[in-house]
Structure formats: C-alpha cells, structure tokens
Amino acid sequence: MTAVLARPAAPVLRRDRRRWAWGLAALVVVGWSLAAALGGDVLNPAGGAQVGRFAAAALSPDLDGAFLGMLGTAALVTLAYAVLGTALALALGAAGAVAAARTTWGRRGTGWAAARGVLAVPRGLHEAVWGLLLLNVLGLDPWVGVLAIGLPYGAVTATVFAGLLDEVPRGPYEALLAQGSGRVAAALYGLLPLAAGGLLSYAFYRLECAVRSAVVLGLIGAGGLGYQLALSFTSLRWPQVWSAVYALALLCLAADVAGRAVRRRLAAPRRRAGVLARDRVLTAAVLGTGAAVVWAWWFLALSPASLVSARARGQLGHVLGAALPPAGDGALLREVGAQAVVTLQMSVLAVAVAVAGSALLAPGAARPPGAGPGRRLAGAPVRAALLVLRAVPAPVWALVLLFVLLPGVLPGALALGLTTLGVLGRLAAEAVEEADPRPRAALTALGARPVGAWLYGVLPPAAGPVLALALYRWEVAVRDTLLVGLLGAGGLGALLASRLAVFDWPAVTTVLAATVALTLAVDLVSDRARRVLR
Amino acid sequence: MQDRSRRAFLAGTALALATAACGRSSPVGSPPTAAGTLRIGAIPDQDPEVLQRQHGTVADAMAAALDLDVVYSPVTDYAAAVSLFRTGDLDLVWFGGLTGVQARLQAPGAQPIAQRDIDREFHSVFVVDGATGLAPSDDLRPLAGLRFTYGSETSTSGRLMPAWFLQQAGVDPQGFPGGPGFSGSHDATIALVASGSYQAGVLNEQVWRSRLEEGAVDPAAVVEYARTPPYADYHWLLGPGVAERLGADDLAERLTGWFTGLSADDPADAGVLELFGAGSFVPARATDYDRIEEIGRALGLVT
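So the protein lines, in turn, are chains A and B. By this note's numbering, the letter at position 79 of the first sequence is numbered 79, and the numbering carries on one by one without gaps. By this note's numbering, the letter at position 8 of the second sequence is numbered 8, and the numbering carries on one by one without gaps.
Since the hints were made in silico from the structure, they are not lab data. Treat the hints loosely; a few may be bogus.
[To be verified] One side only, chain B facing chain A, incomplete, derived with CB under 8 Å:
{"no.": "1", "residue": "Q52"}
{"no.": "2", "residue": "Q54"}
{"no.": "3", "residue": "H55"}
{"no.": "4", "residue": "G56"}
{"no.": "5", "residue": "L84"}
{"no.": "6", "residue": "A144"}
{"no.": "7", "residue": "R147"}
{"no.": "8", "residue": "T154"}
{"no.": "9", "residue": "A188"}
{"no.": "10", "residue": "A191"}
{"no.": "11", "residue": "S197"}
{"no.": "12", "residue": "Y198"}
[To be verified] Okay, the calculated bits of chain A under chain B, using three or more residues with CB under 8 Å as the criterion:
{"no.": "13", "stretch": "123–136"}
{"no.": "14", "stretch": "354–364"}
{"no.": "15", "stretch": "431–441"}
{"no.": "16", "stretch": "499–512"}
By construction, the Cβ of each residue, glycine as well, lies at the ideal position given by its N, Cα and C atoms.
Turn these sequences into a full structure, and let the hints steer you where they fit.
The structure is reproduced here in structure tokens:
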C-alpha cells in the first residue's frame with residue numbers, strides 16, 4: 001500500500017524571484033530591440049504588388065519536366081551532404097564528448113573549461129561561413145559541404161553528448177569502478193548503455209537540422225537544392241523558387257517524420273513479456289542510416305586524399321598567411337562593436353517573434369494523444385504552414401519582406417523570425433503533445449471551457465520547455481543574422497560579407513572573432529536563463 | 001571466430017569506402033585530377049539560371065572546336081568565383097570588370113581572352129521609383145537624399161562604376177539615408193525600386209533594356225533616371241599555367257580565335273552568343289581594365 005502512495009513528491013510551487021528578474025530583463029531587452037527597429041517609418045504598402053507576385057507563384061510552381069529532374073538530382077546532393085555531415089558530426093561529437101564531459105575531468109575544472117572553450121570556436125561560426133572558408137582551401141570539392149556541416153555540428157553534438165553522459169545515473173559506473181574495472185571500461189559498460197537512447201534520439205534530430213543546413217550551403221555554391229534555389233532567386237523566377245522550396249519541404253518533412261518516429265520509439269521502448277525487446281524498426285533505422293552513409297560517400301565521390309593534398313596545404317597556408325594577424329584598427333573595431341549591437345537586436349526580435357507566433361500556432365499544430373481524425377485534419381494546414389516557413393531560406397524571406405517594409409533592422413529580424421517560427425512552432429507543438437494530459441482533463445471534467453482548460457492546464461507546464469527551446473534557438477538566430485544582413489539590415493553578417501567580397505582577410509578574421517565571442521556570450525546568458533527555467 | 005569476422009567486416013567496409021569514390025566523378029565540382037580538362041565557369045550575373053543550366057551549350061561548342069575536354073562548373077557567388085580561379089579549380093572564367101581585376105591580382109599571369117562587342121563601352125542606368133516624381137536628368141545629386149540600393153557588392157555595373165560616377169558628381173557613394181543597400185542582383189534592384197522600399201537604384205544597362213523589352217517592368221513604377229558614361233566590363237580570363245598543363249602553348253590564341261570567330265549566322269554559334277547576350281566577341285587586353293583597377297583601389301574595393 002505504501003508503495004502505491006509513495007508518489008514522487010511534487011515540487012513546491014512558489015514564486016521564484018529569479019524568474020521574475022529574468023523575465024523583466026527579457027522584456028527590457030525585447031523592448032530595446034523593438035525601439036531600435038521601429039524608429040521612424042517602417043511600412044511601405046506600395047510594395048504589396050511585389051509580395052503578391054511572390055505569393056501567387058506559390059500556387060503555380062514551375063513543373064517543367066527537365067527542371068523537376070534537375071531538382072531531383074539536386075535533392076539527392078542535399079541529402080548526401082546532410083547524411084555525411086551528420087555522420088561526421090556524430091564521430092566528432094563522440095570523441096569531443098569524452099573531452100568535454102565533467103566525468104572525464106572530475107575536479108580538474110581547468111581542463112574541462114579549456115575543452116569547452118575549444119568547442120566554442122567551431123560552433124560559433126555559421127555553416128555558410130565554414131563553407132566559404134573551406135572553399136578557399138579545398139576549392140570545388142564535395143568535402144566542403146560535408147565539413148561545413150560536420151565541423152560546427154560536431155562541436156554542438158560534443159557539448160550535448162557530454163551533457164547526456166554527465167546526467168545519466170552514476171550507480172552502475174561507480175559500482176564498476178569499485179569492483180576495480182578501468183575508467184574506460186566502466187564508462188563503456190556503466191554510462192554508455194544508459195545514455196544510448198538520448199544519444200540516438202539527438203543524432204536523428206541533428207539529421208533533420210542538417211537537411212536545412214545543406215540547403216544554406218547550396219546558396220554559397222556547394223551544389224544541391226540551395227544552389228538551384230539561389231540561381232532562380234537571383235533572377236526572381238518565383239515559380240522556380242517555389243518548386244525548389246516544395247522539394248526542400250518534402251525532404252524536411254521526410255526527415256522530420258522519420259526522426260520523430262525514431263525518437264518516439266526510443267522514448268517508449270517496446271517490452272515483450274515485461275522484458276525489453278529488440279525493436280526491429282529501430283534496428284532497421286540504424287542500419288538504413290549506415291547504408292545511406294555509404295551511398296552518400298559513393299554519390300559525392302569523396303576522396304580522403306584531397307583533404308591532405310599538397311594543393312590544399314598550400315591554399316591553407318595562403319589563407320592563414322593572409323588572415324593573420326587580425327586587423328585591429330580603431331575604425332574597424334568601432335564598426336564591429338556597432339554591428340554586434342545590431343546583430344543582437346535582430347536576433348532578440350527574431351526569437352521574440354518566433355515565441356509569440358509559436359504561442360498562437362502551437363495549439364493548432366499539436367496532435368494531442370487521443371484526438372479524433374477531425375482534429376488531426378484541422379491541424380494539417382497549420383503544420384504545413386510551419387513547414388513552408390522553415391523551408392523558405394531566410395534570405396528569400398528578407399527580400400520579400402523588404403518589398404513591404406522600409407530598409408532597416410525590422411525586415412531582417414522578421415525574416416529570421418519567420419524561419420525560427422517554422423522550427424520553434426513545430427517543437428512547441430511537440431512539447432504541447434507531450435505535456436501531461438491530466439490537468440486539462442481534470443479542468444474539463446470540472447466544467448471548464450476549452451480555452452480555460454488550455455490556458456490553465458496546458459500552457460503552464462508547456463511554457464518552460466518551449467522557452468528553453470527558444471533560448472537554444474537564440475544562439476542559432478545570432479549566427480543566422482549573417483544570412484539577412486546585406487539588404488540594409490546590417491549586423492556582423494553584412495560587415496563580414498563586405499570584407500569577404502574585397503578579400504580583406506585580416507578584417508575577416510577580426511569580424512569572425514567578434515562573431516564567435518558574441519555567440520559564446522549569448523550561449524552563456526541563455527544557459528543561465530535555462531537553469532532558472534528548470 | 002565471430003570477432004575475426006567482425007574485424008574483416010570493418011576492414012572491408014573501410015576499403016569499400018576508400019575505393020567507392022574512385023572512377024566516379026562527383027555531381028558537385030570537378031576533380032582536380034582531371035589534368036587534360038579545361039574547367040570553365042562564370043560569375044552569376046544576368047539570368048544565371050539560364051546560363052548555368054544550359055552550360056552544356058558553351059562547354060560542348062568549345063570542346064568540339066578546340067578538341068579539348070571542357071567541363072562547366074557552377075558558381076553562385078562573385079567572390080567564390082575569384083577564389084576558385086585562384087585555387088586553380090576554374091581555368092577559364094567569365095568575369096566582370098572588377099572581379100577580373102581581383103582575379104588577376106590573386107592569380108598573377110592570368111590573361112584576358114575576349115570580351116563582347118558591348119563590353120568595350122558598357123553602361124549602367126540609375127533608376128528611380130515613379131513616386132519620387134524625378135524626371136530623367138544628367139545631374140546625380142538629387143539621388144543623395146533617396147533610399148538607394150546597389151546590386152552585388154563587387155558587381156562592376158551594379159556597384160563599382162556607379163559609385164565612382166556618384167563620387168565624381170559630388171555624392172557620397174556610401175552616404176544615402178540609412179546607408180546604401182545591396183540587393184544582390186540586377187533583377188532584385190528593379191523589384192525593390194518598383195516596390196518603393198528603395199527609392200532609387202542602379203543596374204546593368206543590358207539587363208534593364210532586356211527587362212523593358214520583355215515587359216517585365218511597370219513603366220510607371222520604375223523610371224530610368226540617368227545613364228552612366230561608358231566603361232569596360234565583362235571578359236573571359238584564362239588562368240596562369242593552364243596552357244602548360246593542357247600541353248597547348250597556343251591555348252590563349254586559340255581561345256581568342258574561337259570566341260572572336262563565333263558568328264551569329266551559324267546556328268550553333270548563335271546559341272552561345274545568345275546565352276551571353278552578345279552580338280559577337282572581340283579580343284580583350286589587360287590594359288582595358290587599368291581604369292577599373294584604379295577606381296577599385298580609390299573606392300577600397302581592390303586591396
């Protein structure tokens with residue numbers, strides 16, 4: 001009887017002063033960014049016709065056979081980049097996790113901090129920046145796309161994997177150590193099996209993100225769907241742009257659905273006769289992914305030799321020689337400081353827009369367990385809209401918004417906000433689906449109206465996880481600002497593009513260092529804020 | 001036993017991965033090992049989607065005429081085209097005036113091959129939003145108070161030369177309310193000025209004329225304001241050491257001969273000329289672009 005009554009003690013609900021402080025600070029920062037974006041006139045209604053052309057083309061995409069064939073091949077290239085980039089990220093992440101885990105270092109905090117600091121550099125640079133830098137060293141080699149995804153993702157994966165390893169229960173690990181087994185063996189048999197579910201789940205989430213990143217790489221010339229999209233976008237051939245967007249949306253959808261199915265099965269392991277059974281579907285998914293890696297390697301015709309060729313070494317020397325030492329003149333540093341502020345404002349607004357949009361759309365997009373087919377069908381348009389929002393690359397949104405908004409921070413921030421909403425809205429819908437259904441059911445049973453039941457039964461428990469996800473996306477948004485800066489929005493990205501265009505390598509190094517520092521700072525702040533949310 | 005078979009499996013997989021790529025050319029990029037191949041490319045300028053997707057026309061015609069293997073490599077970015085020329089991934093590239101200068105500075109020994117008939121005296125046009133009510137004029141000073149956009153950062157016709165002519169007229173080329181924008185392409189410039197978000201902009205005259213002919217421009221929304229004086233623009237540039245690598249010492253002369261010999265009367269040649277919007281090609285010399293280099297240095301776009 002006691003066993004039944006001994007429920008885990010519910011945490012005592014009380015007002016958390018720190019939450020209030022963080023909440024107020026967030027409001028002040030959003031208000032400050034908004035004031036910067038809304039200073040003066042912002043609307044340009046006369047541009048509605050141009051937006052109309054873009055929107056009308058959504059209904060009449062280019063369906064020419066030859067063009068679609070080309071998009072098909074391009075989609076395969078994008079997929080191959082995503083698969084290989086993720087595989088590389090996982091390999092790097094597994095190795096890096098060992099270096100970045102507290103378990104490895106124990107009480108030696110300096111080593112741990114050094115490892116974290118080293119990882120901050122690759123993840124602080126956008127995939128497109130990695131692509132441009134690698135292009136200068138490796139030339140037109142498919143490794144450019146694979147490494148541009150694999151290196152930054154590897155650093156992020158290492159941090160996440162290290163966190164997962166540090167958070168699993170220590171019992172088995174310590175028991176093995178106490179029995180005299182070595183630390184490596186103890187970690188392999190005492191920690192890894194417990195963390196395996198989380199690791200695999202995250203791996204598939206990375207694959208979904210990699211598909212979108214592979215498209216961004218296409219914009220800088222690495223081939224694939226993004227490349228075809230960029231070509232048509234240059235001449236504003238909207239029907240062709242939409243065909244590419246739909247192809248990309250399908251690819252994203254496939255990755256989302258597959259990744260989600262795998263994560264669901266991992267979250268609820270199958271049991272047969274009370275014993276954990278091997279899940280055939282999961283086994284197939286892992287083997288299938290392995291086969292996809294082999295296919296992608298063959299399809300892209302990767303050759304390890306080109307990574308260490310004399311030419312690559314020579315070009316690396318050329319770039320490093322030109323880029324070091326970084327430029328440090330006062331005018332550039334003042335410009336970097338001013339643009340860093342713009343980047344920060346843009347990223348804050350983007351996340352604020354995404355959070356507000358998610359709060360509105362997540363209830364519609366969610367498929368709560370036990371919902372009828374009618375409810376599921378009603379949510380389909382919302383989910384499709386979110387898919388399109390994240391499938392249209394941010395530079396396209398930036399131009400389209402600029403038709404109806406005057407140049408400034410706002411169109412850039414909104415463009416980022418729309419793509420972020422596409423991602424965050426879907427994650428928020430998942431958080432709503434996974435929230436405990438009982439409070440809402442209880443409220444409904446007591447006679448509450450649906451809106452009241454949602455506001456008091458679903459929103460409070462879902463708000464924490466969604467805000468935490470938004471804080472994660474903030475760091476991504478800071479890096480993404482470089483995609484939308486050129487059209488009058490400014491920021492570090494516009495400065496970087498202008499220095500890259502004239503091959504001013506010392507200034508490029510300075511701007512990149514500032515970007516890494518800003519990303520690191522945002523990461524630290526968002527980490528603190530997330531701790532308060534827990 | 002099981003252990004051994006597992007090891008054999010792993011070794012086999014590694015070997016398969018290492019050899020799988022051999023003998024297959026990548027769908028992205030050209031293998032640097034293809035020593036006997038001429039790798040050509042072009043900056044993404046006017047209708048890049050047409051040029052890049054029908055590149056077979058140029059590559060095949062060139063291959064047939066010069067008895068060489070020719071492959072076309074796609075590029076979406078001005079700076080990337082210059083970098084790939086420097087790394088030797090592209091042998092022969094269709095550059096703009098400014099990108100060609102940048103490329104020759106980074107790859108000393110590169111040689112201009114040919115330009116179009118229209119490139120000796122190329123023009124840009126300043127366009128304004130119809131709502132500004134500005135009438136066509138040669139005076140650029142009224143533009144200073146308008147929201148203004150260039151095209152790509154290192155476009156000769158969409159940035160460098162217009163900035164120079166603005167400066168000559170006493171207008172700060174980096175001034176303008178809120179600073180100048182960079183639309184990214186000539187077509188985006190037209191669309192942005194038509195919307196009124198930017199009240200004025202500047203673009204390649206050839207693109208402007210062809211969009212007018214197609215009827216793609218609303219004549220009330222975008223108005224031609226001024227036409228710049230002439231300057232030298234686009235050209236084909238051959239990388240240093242390419243002739244040696246291909247074992248054809250007279251490669252530059254043969255290429256110039258082929259380009260200048262293209263005739264609009266020949267149906268095969270006409271296809272190539274049409275892709276580049278050219279009536280014919282004429283020889284190009286490095287000295288044609290000395291002025292571009294000087295202006296580039298003066299405006300900080302050549303370092």
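Here is how each hint holds up against the structure:
no.	hint	result
1	Q52	6 Å, holds
2	Q54	10 Å, violated
3	H55	11 Å, violated
4	G56	12 Å, violated
5	L84	6 Å, holds
6	A144	16 Å, violated
7	R147	6 Å, holds
8	T154	5 Å, holds
9	A188	6 Å, holds
10	A191	6 Å, holds
11	S197	5 Å, holds
12	Y198	7 Å, holds
13	123–136	holds (count 3)
14	354–364	violated (count 0)
15	431–441	violated (count 0)
16	499–512	holds (count 5)
Of the numbered hints listed earlier, those contradicted by the structure are 2, 3, 4, 6, 14, 15.
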